[in-house]
Amino acid sequence: MTSLFAVLHPLTVLLLLPLVGAVLLLAVRGLDDRSVRQIALIFSGVTFVVSLAVFLGTPGGPLAHEGRLVSDEVQFRWVPSLGITYHLKIDGISHFLILLTTFLTPLVILGSWNSVEKRVAGYHAAMLALESAMLGAFLAVDLFLFYVFWEVMLLPMYFLIGIWGGKRRIYATVKFFLYTLVGSLLMLVAIVKLAFVVAGLNGGRLSFDLVDLMSSHARIPPSVQLWLFAAFALSFAIKVPLFPFHTWLPDAHVEAPTGGSVILAGILLKMGTYGFIRFAMPLFPVAAIEAAPWIFGLATVGVVYGAWVASVQQDVKKLVAYSSVSHLGYVMIGLFVLNVEGLQGALLQMINHGLSTGALFFLVGMIYERRHTRELAAFGGIAKVMPVFAALFLVVTLSSIGLPGLNGFVGELLVLTGAFQASKWMALVIATGMIWGAVYMLTAYQKIFFGPITHDENRSLVDLGKREIAILLLMLAPCVWIGVYPRALLERAEPELTRIAERVREDYATAMGEPVHRAMERQSRIIGSP
Amino acid sequence: MIDPHTIGSLLCLIPLAPLLGATYNAFIGRRVAKSMGHLAVHGVACAAVAVSLLVSVAGFACLVSMPVEARELRQTLFSWIHVGSFDVPIELVFDPLSAVMCLVVTGIGLLIHVYSIGYMHDDPGYPRFFCYLNLFLFAMLTLVLGGSLPLVFIGWEGVGLCSFLLIGFWFAESKNAAAATKAFLVNRVGDLGFLAGMVVVFSATLRIGSPTLSFSVLRDLAPRLQDASFLGAAVPVVAAACFFFAATGKSAQIPLFVWLPDAMAGPTPVSALIHAATMVTAGVYLLCRTSFLYVMAPDVGAVVALVAGLTACFAATVALFQHDIKKVLAYSTVSQLGYMFLGCGVGAFGAGLFHVVTHAFFKALLFLGAGSVIHAMGGEQDVRQMGGLRKALPVTTATFLVGILSLGGFPLLAGFFSKDVVLWRVLASGHGFLYGLALLTSALTAFYSIRLAVLTFGGAFRGGHEREHHLHESPRSMTVPLVLLAVGCIVVGWLAGPTWLGLIDRFAAWVEPALAVMPQVHEHVDAEVEERAEIVATCVAVVVGLAGMGGAWVMFGWAPGVARALADRLPVLHGYLAGRYRSVFDDVYDRCIVRPLLAATRALATFDQKVVDGLVNGAAALIRLLSRSSGWFDGTLVDGFFQRCADLARALGRAMASVQNGRIQSYLMTLGWALAVVLLLLEFVR
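Chains as they are written, first to last, in our numbering: chain A, 1 to 530; chain B, 1 to 686.
Hints are computed from structural coordinates only; laboratory data are not their basis.
Keep in mind that a hint or two might mislead.
What the hints assert, rightly or not - Mimicking SDA-like on lysine to any residue, the simulated pairs with C-alpha atoms at most 25 Å apart in a straight line are: (1) B/K182 to B/P67; (2) A/K193 to A/L110; (3) A/K466 to B/I28; (4) A/K384 to B/K175.
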């Protein structure tokens with residue numbers, strides 16, 4: 001009975017539902033395109049409902065006031081001889097990333113309703129399989145299980161870019177694949193090594209479970225920690241992408257189909273930052289704190305670098321891709337300052353970036369479907385012929401550049417406040433990001449929408465249809481909601497984030513063999529006051 | 001007697017009513033207008049502002065009935081951001097300071113809404129225009145009602161957005177679009193100061209154990225911040241400097257004023273409402289709101305006063321040579337804003353704020369009058385094409401003259417009183433140089449004001465027969481606001497009834513409890529001596545002003561040849577002053593900031609492509625080369641023992657090649673095998 005419940009646990013259902021849909025789409029032959037789309041939409045929609053139910057029903061959720069409605073954890077042994085477990089857990093951090101995943105996927109399917117024409121079943125199967133893999137990566141707390149999902153995630157994306165992509169899709173997708181693979185293979189080695197080191201400390205009991213690994217990881221010698229952290233960090237940094245590991249991103253975005261870009265920017269990039277906060281930092285506190293100045297340096301450079309390079313791009317997708325480097329720099333800084341403002345801001349920025357950049361890619365896709373180009377020079381004066389498109393594009397732009405009242409601002413302010421406590425100069429440099437962001441977004445907006453219409457092709461452009469407006473309004477609703485009432489999100493995430501921050505600090509103290517306050521002093525010398 | 005509690009709970013209506021109006025016109029206004037006409041658009045928009053005005057008036061009445069020290073209404077809606085110790089509630093505060101601003105913004109805002117009914121009548125973007133106007137009022141009212149820095153910042157950036165939208169209202173012209181973007185970006189540079197100030201203040205209060213961003217708490221905490229230092233300076237100094245930098249952006253002072261003259265690309269009611277009467281005074285409001293910081297940082301105050309004095313004088317000299325009626329008024333706005341900051345800089349926040357109020361009246365009047373002129377001239381803005389308009393536009397002429405005289409500081413009009421207070425306070429604070437500068441500026445102001453009036457309305461019409469035939473007075477919806485504003489210009493100055501006439505300065509008595517007071521540095525002066533000095537100063541100001549007006553009248557009205565002759569005598573100087581002089585800052589920024597920045601971004605993009613990405617592609621090429629050469633090595637040289645090594649290399653090469661071909665299955669297989677091997681090994685180790 002218990003095992004049956006374990007199998008049908010809501011988290012398992014959440015994880016497998018999209019995969020079932022994918023298998024169905026591939027197995028059943030002779031479905032017409034329309035039914036394929038409908039099936040995919042239904043599966044992803046139900047997945048969203050399940051994730052929402054999990055969000056509301058797990059401890060801390062509004063429906064769980066009277067005891068837990070849904071347990072937030074499922075665990076059973078998978079490969080007992082190696083200590084590999086099937087262990088899923090959802091908490092204040094993963095809740096929102098999972099909701100973002102299940103929210104974006106149906107929208108992506110809706111968004112490609114007319115634009116994907118070839119191998120429709122394959123496309124949707126890949127999309128659903130990708131959703132399962134991403135959910136798995138966000139849910140897994142067994143490192144081996146996490147690694148499996150982390151790798152599996154690459155495959156559907158590889159196909160999405162390689163089959164449904166643009167002209168240079170093969171180059172882009174191979175680059176994407178190999179680049180991320182290099183990092184993740186190192187991570188695999190580090191995971192295995194970590195398990196053995198910890199097993200050695202624990203009397204030989206091998207386990208890949210994060211809980212077990214964290215129970216005695218503080219005793220791992222700092223030098224070993226540093227190497228293991230480096231391997232994890234490289235893998236995650238490539239995914240983020242942290243400057244200078246970002247060059248796969250513009251190519252992948254430019255060649256990916258709209259849906260691929262939305263998922264890539266919206267969720268896949270968050271895998272990197274999620275990996276840091278969930279695994280790399282709590283597992284290797286000493287290394288994380290020692291490495292913080294390096295991360296700060298790269299992320300700070302990334303904030304300005306990404307924005308500056310974005311400002312000269314002629315291809316709108318490339319522009320948005322480089323802007324991601326800038327935005328994700330904020331997230332990295334927020335994570336590593338290890339104070340509650342920074343961490344909350346970072347988590348919020350992860351969600352915000354998913355929403356506003358996802359929406360930007362939707363918008364770019366919509367104009368691309370009409371004009372078959374993304375060159376800024378091909379546009380101009382579009383606001384005249386597509387007023388609704390122009391208005392929605394503007395709101396998304398404002399969300400992206402952090403206008404107060406919309407989502408981006410809250411996250412930026414929190415990260416900035418957190419960063420200021422670590423380093424005033426760093427805070428000042430990343431604060432200039434608010435100018436650079438406005439520079440590249442608004443000049444691009446001006447070039448696309450304002451001025452006279454200079455190309456005759458643009459005169460006959462048709463404004464957005466109902467389906468497109470619906471997608472964008474759905475994307476914007478949470479942007480406004482987070483901008484006006486971010487508390488719902490912040491409150492839910494706060495316990496977990498403070499726990500991680502405290503834990504890292506305490507473990508750091510233990511590892512350094514110093515009382516907490518002494519270690520804190522040392523830590524504050526390294527990354528600033530907590 | 002109005003119940004403070006009731007009014008307090010209605011406060012949120014002040015910003016929310018225009019927000020609802022904006023939402024209405026954004027989504028359904030256009031559709032309803034199809035069947036009901038324009039009324040469906042402007043009816044709702046004006047009604048929304050009227051609601052704000054009514055609540056503001058009620059709030060004001062309520063404050064009046066309260067004892068001086070208790071004059072404050074508060075409404076807390078919900079907690080906006082709450083993270084650890086970072087807590088920002090959505091809290092609106094209605095105190096004497098915000099009351100003044102609310103009344104000005106909603107009162108003048110309503111008049112300008114009404115005026116726009118006539119002015120924008122034929123524009124296809126009619127609903128969009130009123131949507132933006134209402135949205136602007138929402139942001140502006142949030143700015144003045146916000147009880148904490150982040151809330152003010154919502155309004156601060158919000159008004160910047162609306163300014164962007166309205167400057168670019170006629171976006172099909174590239175010039176307007178460029179002006180809009182420029183305004184937004186320059187303002188963002190200033191906003192960085194606001195953000196920095198906010199973070200500095202928060203961190204400082206966090207360090208002393210009571211983190212806050214709310215004004216009322218900060219005001220009490222401020223003395224304790226004096227000891228906290230930041231990068232070698234006291235926190236109040238840094239914060240005050242940051243906020244002033246922010247103010248130079250929004251309120252168009254040196255170094256960030258460059259966006260305002262370009263902003264005249266927007267429709268004229270927008271210039272009146274946003275770029276003269278309300279939004280550009282937000283910086284002055286911010287300084288008043290944070291006055292408790294400035295009284296602790298007298299050095300920053302001195303910088304504020306100096307920057308303001310220079311801005312006022314510079315902008316006035318530019319205004320002398322402009323031919324575009326709106327450009328004259330724009331530079332005049334920059335100059336007058338300088339006066340306001342001058343007051344704040346010497347610690348006379350009340351005087352600065354009073355100039356905000358009078359300026360709102362006469363500058364709104366002038367812009368709306370200019371709009372009426374432009375309307376009559378069919379879009380022409382060049383005063384050289386005008387002249388003699390007094391015959392065709394009697395109401396516009398009369399009201400415009402009231403505005404011009406008020407701006408020029410003609411005795412007993414609004415502008416005269418407020419400018420006089422500022423001048424006197426500058427003198428009393430002992431800043432001789434600044435007083436001289438301000439006095440010079442007031443002469444220049446008087447001069448260009450009269451020049452503008454004479455060129456526009458005096459003499460004979462210069463725009464040709466065809467145009468003269470079409471000249472017409474504007475419709476009632478436009479002239480009524482003009483008349484009301486003109487009445488305001490005559491009346492409102494008496495609020496601060498000059499003390500030397502034996503009247504009470506009611507305005508100061510009203511706002512000063514909400515403002516911080518600069519500690520007196522110099523020794524106490526005998527009250528009677530002071531009063532006599534003030535009268536002398538006023539007389540000096542009157543004489544200087546009248547001299548400026550007289551000079552302009554002589555040069556442009558009485559003997560128009562004089563100006564021409566002077567210009568011909570000094571062609572190079574005149575050419576520069578009438579030409580590049582006004583964009584001297586733009587040119588410097590372009591050369592020293594914009595172009596180097598553009599070059600840097602281009603260089604960085606090349607670096608990214610060639611170096612950063614080049615390394616990645618280079619590594620890939622290297623691996624390909626290695627695998628190929630090892631394949632060759634294997635195929636031709638090695639046998640036997642080396643066969644296995646070579647196999648491995650070849651497998652690698654193939655794996656790479658097959659990946660290149662898009663066959664991922666081989667990778668999967670490799671991965672699977674590798675995993676199996678690893679697992680087996682692990683099992684073995686155990």
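Verification of the supplied hints:
Proximity of B/K182 to B/P67 is assessed by CA-CA distance (about 46 Å); at most 25 Å being required, the pair is judged violated. Our distance criterion of 25 Å between C-alpha atoms is broken by A/K193 and A/L110, whose separation comes to about 43 Å. The hinted pair formed by A/K466 and B/I28 meets the criterion: a straight-line CA distance of about 16 Å does not exceed 25 Å. Our distance criterion of 25 Å between C-alpha atoms is met by A/K384 and B/K175, whose separation comes to about 16 Å.
Figure legend: structure checked against the earlier numbered hints; hints not met, in rising order: 1 and 2.
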